[in-house]
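For the protein sequence lines, the chains are A and B, in the order given.
Once you know that position 136 of the first sequence is 136 in our numbering, the rest is easy, because the numbers rise by one and skip nothing.
Once you know that position 261 of the second sequence is 261 in our numbering, the rest is easy, because the numbers rise by one and skip nothing.
Where hints are given, some of them may not hold.
Each pair may be met inside one copy or between any two copies, as identical chains are not told apart.
[What the hints assert, rightly or not] When the alpha-carbon atoms are kept at most 27 Å apart in a straight line, the in silico DSS-like pairs for lysine-lysine are as follows:
1) K163 with K10
2) K9 with K163
3) K143 with K182
4) K296 with K59
5) K59 with K31
6) K381 with K59
7) K59 with K382
8) K18 with K257
9) K257 with K20
10) K59 with K20
11) K9 with K257
12) K59 with K379
13) K9 with K195
14) K296 with K214
15) K10 with K195
16) K9 with K194
17) K10 with K257
18) K315 with K388
19) K9 with K20
Derived by calculation from the structure, the hints in this document are not laboratory data.
There are 2 protein chains.
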Amino acid sequence: MSKVSLRGKKLPPSPIRKLKPYDDAAVASGKTVYHLNIGQPDIETPPEMLETLKNIGTKVVGYGPSQGIPQYQDALIRYYARHDIPLERDNIIVTTGGSEAITMAFTVCMDPGDEVLIPEPFYTNYNGFAIAAGVNVVPVTTKIEDDWQMPPIGEIEKLITEKTKAILICNPNNPTGKVYSKEELAQIVDLAIKKDLIIIADEVYREFIFEGEKHTSFMNFENARDRVIVVDSISKRFSSCGARIGAFLSYNCDIMKAALAYGQARLCPPTIDQIMAVPSADLGDDYYNEVVGEYKNRRDVVVETLKEMEGVEYKVPNGAFYIVIKLPVENAEDFVIWLLQDFHIDNETVMLAPAEGFYSTPGLGRDEVRIAFVLNTEKTKKAMNILKKGLETYMNKP
Amino acid sequence: MSKVSLRGKKLPPSPIRKLKPYDDAAVASGKTVYHLNIGQPDIETPPEMLETLKNIGTKVVGYGPSQGIPQYQDALIRYYARHDIPLERDNIIVTTGGSEAITMAFTVCMDPGDEVLIPEPFYTNYNGFAIAAGVNVVPVTTKIEDDWQMPPIGEIEKLITEKTKAILICNPNNPTGKVYSKEELAQIVDLAIKKDLIIIADEVYREFIFEGEKHTSFMNFENARDRVIVVDSISKRFSSCGARIGAFLSYNCDIMKAALAYGQARLCPPTIDQIMAVPSADLGDDYYNEVVGEYKNRRDVVVETLKEMEGVEYKVPNGAFYIVIKLPVENAEDFVIWLLQDFHIDNETVMLAPAEGFYSTPGLGRDEVRIAFVLNTEKTKKAMNILKKGLETYMNKP
Numbered sequence: 001m002s003k004v005s006l007r008g009k010k011l012p013p014s015p016i017r018k019l020k021p022y023d024d025a026a027v028a029s030g031k032t033v034y035h036l037n038i039g040q041p042d043i044e045t046p047p048e049m050l051e052t053l054k055n056i057g058t059k060v061v062g063y064g065p066s067q068g069i070p071q072y073q074d075a076l077i078r079y080y081a082r083h084d085i086p087l088e089r090d091n092i093i094v095t096t097g098g099s100e101a102i103t104m105a106f107t108v109c110m111d112p113g114d115e116v117l118i119p120e121p122f123y124t125n126y127n128g129f130a131i132a133a134g135v136n137v138v139p140v141t142t143k144i145e146d147d148w149q150m151p152p153i154g155e156i157e158k159l160i161t162e163k164t165k166a167i168l169i170c171n172p173n174n175p176t177g178k179v180y181s182k183e184e185l186a187q188i189v190d191l192a193i194k195k196d197l198i199i200i201a202d203e204v205y206r207e208f209i210f211e212g213e214k215h216t217s218f219m220n221f222e223n224a225r226d227r228v229i230v231v232d233s234i235s236k237r238f239s240s241c242g243a244r245i246g247a248f249l250s251y252n253c254d255i256m257k258a259a260l261a262y263g264q265a266r267l268c269p270p271t272i273d274q275i276m277a278v279p280s281a282d283l284g285d286d287y288y289n290e291v292v293g294e295y296k297n298r299r300d301v302v303v304e305t306l307k308e309m310e311g312v313e314y315k316v317p318n319g320a321f322y323i324v325i326k327l328p329v330e331n332a333e334d335f336v337i338w339l340l341q342d343f344h345i346d347n348e349t350v351m352l353a354p355a356e357g358f359y360s361t362p363g364l365g366r367d368e369v370r371i372a373f374v375l376n377t378e379k380t381k382k383a384m385n386i387l388k389k390g391l392e393t394y395m396n397k398p
Numbered sequence: 001m002s003k004v005s006l007r008g009k010k011l012p013p014s015p016i017r018k019l020k021p022y023d024d025a026a027v028a029s030g031k032t033v034y035h036l037n038i039g040q041p042d043i044e045t046p047p048e049m050l051e052t053l054k055n056i057g058t059k060v061v062g063y064g065p066s067q068g069i070p071q072y073q074d075a076l077i078r079y080y081a082r083h084d085i086p087l088e089r090d091n092i093i094v095t096t097g098g099s100e101a102i103t104m105a106f107t108v109c110m111d112p113g114d115e116v117l118i119p120e121p122f123y124t125n126y127n128g129f130a131i132a133a134g135v136n137v138v139p140v141t142t143k144i145e146d147d148w149q150m151p152p153i154g155e156i157e158k159l160i161t162e163k164t165k166a167i168l169i170c171n172p173n174n175p176t177g178k179v180y181s182k183e184e185l186a187q188i189v190d191l192a193i194k195k196d197l198i199i200i201a202d203e204v205y206r207e208f209i210f211e212g213e214k215h216t217s218f219m220n221f222e223n224a225r226d227r228v229i230v231v232d233s234i235s236k237r238f239s240s241c242g243a244r245i246g247a248f249l250s251y252n253c254d255i256m257k258a259a260l261a262y263g264q265a266r267l268c269p270p271t272i273d274q275i276m277a278v279p280s281a282d283l284g285d286d287y288y289n290e291v292v293g294e295y296k297n298r299r300d301v302v303v304e305t306l307k308e309m310e311g312v313e314y315k316v317p318n319g320a321f322y323i324v325i326k327l328p329v330e331n332a333e334d335f336v337i338w339l340l341q342d343f344h345i346d347n348e349t350v351m352l353a354p355a356e357g358f359y360s361t362p363g364l365g366r367d368e369v370r371i372a373f374v375l376n377t378e379k380t381k382k383a384m385n386i387l388k389k390g391l392e393t394y395m396n397k398p
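Work the whole structure out from these sequences, hints included.
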C-alpha cells in the first residue's frame, strides 16, 4: 500500500514556487533576479505594528480564545465599520492567515465530493485547499479578451449541479487585477439566491483599487446576509505576510457555530501576531493613500513597458497588485526558465509566474504569465526592461 | 438547503471549553475558580524566547519558506539529535501548532472514509481534526483498571478493516498521563508492519516523564522508518501555547513530498513565532529538570489528596501533566457544573474537564474527569482540597 492518500498525491506542488530551483541556480551563478513571480511585497510593515513586539506585556505566551483575542476582534470591528460592514464579535473568527479561513469555509459548508465554482484564472492555492478538503473546483473561465469579466450569468448557471454548494469570488482579483462592478456582484448574489449557494468572498485586496468607485463587499448585500462568508487577511494590506493573521466573517449563525467548532479544534490563532495586528486596524487614509499610490505607480510602470512590447496582450488592471499578460510564445514556462537560465542584462534577470497553474481547465494559460508589482518603481522598471529585451531575444532565437 | 455541511454539523464544540458559561457565571458572581480543566500551564515562557521579540531584525514581516525558516529547522535538528533522532531539513516541516501537523497527517495519509485507530480516552481535538478531514476514528478502549495499558495486540488487530490506514499514539498520553513502555510500542510497530499502517506519533510531552526510563520515540524504530510520522509542538514543552509552532516529521520521502505540497498551499507557519522558538531548542538539562520537577511536585500534590478521597479510582500518572480519575458519581459533568454553581470554600471553587468528551465510544467516561496540573503546588493543593470537600458534600446531598 502506498503511504500517501489519493488526495495527498493530487496535492499540487505550488506552481509559483516550483521554479525555485532555476531561481536558486541563477542566483548561485551570480545573477541578480528581480522577483515579480510571488506576492511578497517589499513595502515595510507599519512600524506601529512592529513596535508592539517590544512590549507584549505577558510572561506566558498562552492560548487565546479560539475566535481571536477580544482586543483584536474589537479592532476588526472598528476596521470593518469604516467599510460600512457593521460586525459584532460573533460575526468574526480570527484565523491563521486567509489560508485557514478558506479551508474553514470549504470544510464547514461542503462535504467531500461537493463542488465550488471559481472564476479562473484563480489564486492557485484554492486548488490545494479544495483537494485537501475533498471538494471539487469547477472553473468559470474568464478571458483576457473580455477584460477578465465573468461570462454571462446564464453561462455560469449552466455549470451548477446538485453537488454545487458555493461560489468563490476574489475581488479585487488575484491574479488578473480585475475589480468586479457592483452590478456583476449583484448578479452573482441573485444567482446564489436562486440556486441556494454560499458565496465565499475573498476580499483581501479590498483597498487596492486604483481608479473609480471604491470596493463593494458581498457583506453589503442585504439580501445575501445569510449566505455570505468573507475571507480576509492582513498579509497584503499591511505587508505582514509572515504574521499569518486572517479572518472568517459571516452573519449566518449556523455557519459561525460550525466555524467556531472547527476553530476550537485547532485551539487558537497565533497570540503574538494578533497583538501585533491590533494597531493595523486604526491606520488611516494617509497609510492607504501612500501604499495604494505606490502600487498604482508600479502598475503604471509595468503598463508603460507593456505598451512597447510587440505581440503582448494585456488589460490594464484596476486592483490588487497583479496582472496576467499573454505572450507570443507557445509555452510561457519555458520562457520563464529561459529568462533565468540563459538571459541577463548586466548580469540581471527577472522571474515571473507561468499562468497555467492559475487555471483549472487543462491547456489554458500556457502562453500567459502573472506579474506581481511587489518591487519599487525603479526595480520594476529595470525588471520590465529585462522582460522586454528578453522577449525580443527569445522571439528572434534561431 | 442548510448552509452547513454534514461534517460541519458533526464538528463537536470543544468539550473542554463547553462549560465556559458556568465558569464565567461563577467568576461573575465573585468566586475564584481554579482551572484544572485546560492544559494551559502557568509556567513562564523561557525569557530567551521572549527576548527575541525585542529585536526581530526585519522591517518586513514576510513569508518564510513553507517548510519553516532555515534557522528554526536547524534548531530542531539540534534538539532532536539530543533525543537520538537524527534529522535533516527534508525530514521536517514546521507547522502552525501540533494541530496543523495532525491535520496534515490525516490529509496526506488518508482519504475521506478511511479509518484511524486511536487509544481512548484521547485528546478530544483528534475528533474535530478527523471530522474536518472526513476520516473516521476507531477507538481502542483503554481502562483505568488496566492502568491505561493498551489491550492485547490481538484485540487491536481485530479492529483493523480495509479502511484502516493509520494508528495514532499519544505518548506520554493526554489525558491519562500514561507512558507506554518500549515493549508496548514495539508491538504497535510490529502490528503496523503486518497490516501496513502508518503510525502517527504525538510526542509533544516527550520530556515530561517522572520516573524510570526516558522516552522512546517511534522515530527510534529502525524497522518503521518508512511508516512513522511524528507530530510535535513547543506549546507545553516551552509553555508557549499561543505561539502556534509545531512540527511534522518523517523519514518517508513520499509522505514529506505530499506534506510539503499541503504546506505550500497554506504558504508558511508564522515567521515571528518561529524566530521566537529558535532559542528553545538549545535549552539544556537545567531547564527541563526544573520544569519537569515542578510538574512532578504538582502530580504528587494531586495524588496526595486523591489518596484521601473516598470512592475515587485513579492510577498514578508517570507522564504529561494530566490524570483521569473515576468519581463515585453518575454524571461527572453534573458534578463539575455543581462545583461551579453551588459550591465554594471561602468563595473559591475548582473547574475540571468531564472525561466523556475524551472517549469516542458512547457512554464511556461519564463518571470520569481529567485534571491538568497547570497551577503551582500551593494553588493545586487548595484546588484539590476544594474538590475533596466538594465531593463529600455532593455525595451527602439529600
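Now the hints, each set against the structure:
In the homo-oligomer, the alpha carbons of K163 and K10 lie at most 27 Å apart both inside one protomer (20 Å) and across protomers (19 Å), since each shortest distance falls under that limit. For the homomeric pair K9 and K163, the shortest alpha-carbon distances inside one copy (23 Å) and between copies (18 Å) are both at most 27 Å. In the homo-oligomer, the alpha carbons of K143 and K182 lie at most 27 Å apart inside one protomer (20 Å), although the nearest pairing across protomers, at 61 Å, exceeds that limit. Taking the shortest Cα distances, K296 and K59 sit within 27 Å of each other only across copies (22 Å), while inside one copy they are farther apart (43 Å).
Within a single copy, K59 and K31 get their C-alpha atoms only as close as 45 Å, which misses the 27 Å cut-off; across copies the closest is 25 Å, which meets it. For the identical chains of this complex, K381 and K59 are inter-copy neighbours only, at 23 Å across copies versus 47 Å inside a copy, given an alpha-carbon limit of 27 Å. In this assembly of identical chains, K59 and K382 lie within 27 Å of each other by CA distance solely across copies; the values are 24 Å between and 48 Å within a copy. Taking the closest pair of Cα atoms, K18 and K257 come within 27 Å of each other only across two copies (12 Å); inside a single copy the shortest separation is 38 Å, beyond that limit.
Proximity of K257 to K20 under the C-alpha cut-off of 27 Å is restricted to the inter-copy arrangement: shortest distance 15 Å between copies versus 41 Å within a copy. Only between protomers do K59 and K20 lie at most 27 Å apart by alpha-carbon distance; the minimum there is 24 Å, versus 40 Å within a single protomer. Taking the shortest alpha-carbon separations for K9 and K257, only the inter-copy value of 9 Å comes in at or below 27 Å, while the best intra-copy value is 32 Å. For the identical chains of this complex, K59 and K379 are inter-copy neighbours only, at 19 Å across copies versus 43 Å inside a copy, given an alpha-carbon limit of 27 Å.
In this assembly of identical chains, the alpha carbons of K9 and K195 lie at most 27 Å apart only when taken from different copies (21 Å versus 33 Å within one copy). In this homomeric assembly, K296 and K214 come within 27 Å of each other (Cα to Cα) only inside a single copy, at 15 Å, whereas the closest approach across copies is 60 Å. In this homomeric assembly, K10 and K195 come within 27 Å of each other (Cα to Cα) only across copies, at 25 Å, whereas the closest approach inside a single copy is 30 Å. In the homo-oligomer, the alpha carbons of K9 and K194 lie at most 27 Å apart only across protomers (24 Å), although the nearest pairing inside one protomer, at 36 Å, exceeds that limit.
For the homomeric pair K10 and K257, the shortest alpha-carbon distance between copies (11 Å) is at most 27 Å, but the shortest distance inside one copy (31 Å) is not. For the identical chains of this complex, K315 and K388 are intra-copy neighbours only, at 17 Å inside a copy versus 74 Å across copies, given an alpha-carbon limit of 27 Å. Within a single copy, K9 and K20 get their C-alpha atoms as close as 21 Å, which meets the 27 Å cut-off; across copies the closest is 41 Å, which misses it.
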